[in-house]
Structures are given as C-alpha cells and as structure tokens.
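J.: Protein chains in written order, with our numbering: chain A, 10 to 88; chain B, 10 to 88.
There's no promise every hint is true.
The calculated lysine-lysine pairs, modelled on DSS-like cross-linking and capped at a C-alpha distance of 25 angstroms, are [said to hold, decoys possible]:
{"id": "1", "chain 1": "B", "residue 1": "Lys56", "chain 2": "A", "residue 2": "Lys50"}
{"id": "2", "chain 1": "A", "residue 1": "Lys50", "chain 2": "B", "residue 2": "Lys50"}
{"id": "3", "chain 1": "A", "residue 1": "Lys44", "chain 2": "A", "residue 2": "Lys56"}
Some residues of chain B that are not near chain A, with every Cβ distance over 10 angstroms (derived) [what the hints assert, rightly or not]:
{"id": "4", "residue": "Ala20"}
{"id": "5", "residue": "Ile64"}
{"id": "6", "residue": "Ser86"}
Have a look at the derived ranges for each label pair, beta carbon to beta carbon [to be verified]:
{"id": "7", "chain 1": "B", "residue 1": "Ala24", "chain 2": "A", "residue 2": "Pro71", "range": "32 to 38 angstroms"}
{"id": "8", "chain 1": "A", "residue 1": "Pro71", "chain 2": "B", "residue 2": "Asp74", "range": "32 to 38 angstroms"}
{"id": "9", "chain 1": "B", "residue 1": "Ala28", "chain 2": "A", "residue 2": "Ala70", "range": "36 to 42 angstroms"}
Simulated from the structure, these hints should not be mistaken for lab results. C-beta: ideal position from N, C-alpha, C; glycine also.
Protein chains: 2
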Amino acid sequence: ADIEAGKAKAAVCAACHGADGISMIPMYPNLKGQKAQYVEKQLKAFKDGSRADAIMAPMAAPLSDADIANLAAYYESLK
Amino acid sequence: ADIEAGKAKAAVCAACHGADGISMIPMYPNLKGQKAQYVEKQLKAFKDGSRADAIMAPMAAPLSDADIANLAAYYESLK
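Input sequences plus hints: build the corresponding full structure.
T.: Written out as structure tokens, the structure reads:
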C-alpha cells in the first residue's frame, strides 16, 4: 500500500478523526496506529453496508480498494 | 464509571485485544486509549445486534450497561 497516497486521501478523514489520528470528538474513534487489516475491513463494511453508519457510508462510498488499502496503511503507520 | 472494575472485566478481552490494549492479531482492533463513548456505542451495538459480528456478539451478550461503561472507561484510561 502507498502510505503517502493514504495520507493525501485522509485529508477528509482528519476533520473527525484528527490530523494525527486522535479524534477531537468523543463519539468518533481514534485511528492512530490502528490495525490496517481492521481499518480495511471496516471501510469495506461501511462501503457495502454490512456495517451500517449514516456518516461513514457516504465517506466510504467513493473509495476504491486501493484507496482503502492506502488509508489503512497510513493510519497504522501513525505512531 | 469504575476503571478498576473495567480492568477486571477486561481479562477476557485481553486474549484478543492484548493485555495492554494493543491487539496481537491484525484483524482485531487496538483498544488502548480508544474513546470511551465510541467503545460503549460499539459494545451496545454488538449486544443488540445493530452491529453484526459473530465473535463479538457472544462477548457482549452477558455485559450489563455498567460493565460496558466500566470497560470503555478502562480502555480509554490506557495511555
């Protein structure tokens, strides 16, 4: 996966999940250092609806598998 | 919430999520320092089935609201 591409793609995510992956909003999870396989599984679940979330569904909808892999690798890389 | 009670309750969770909240298994999320409100929302969703997961459903099923609040506070307290 391409961590730099993931970082660029994550600009949108930073609004809720924090520029450093620590969320400013108690209801939204921190993603800093989170397991890439877990993040990937959740983004795909939001995208196909097997995990229901009104906010995350439209966020995940436009993401390609490559975007998802890059985002997941980027967040895991944050130490 | 009672972080000590949460810690005791988390003995079961440590098998997958790690004794320090860092999972040894790539597919299972780290919980160390995770937002308590987020963890609480997810445990309740696993419990009522609004979030489907074959592994987490039986884990969440026996938890009371107090257990859930204590577990969530415990994991957020891990720095």
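J.: Each of the hints needs a verdict: does it hold here or not?
T.: Do the hints match the structure? See the list:
no., hint, verdict
1, B/Lys56 - A/Lys50, "holds (20 angstroms)"
2, A/Lys50 - B/Lys50, "holds (19 angstroms)"
3, A/Lys44 - A/Lys56, "holds (18 angstroms)"
4, Ala20, "holds (21 angstroms)"
5, Ile64, "holds (12 angstroms)"
6, Ser86, "holds (14 angstroms)"
7, B/Ala24 - A/Pro71: 32 to 38 angstroms, "holds (37 angstroms)"
8, A/Pro71 - B/Asp74: 32 to 38 angstroms, "holds (37 angstroms)"
9, B/Ala28 - A/Ala70: 36 to 42 angstroms, "holds (37 angstroms)"
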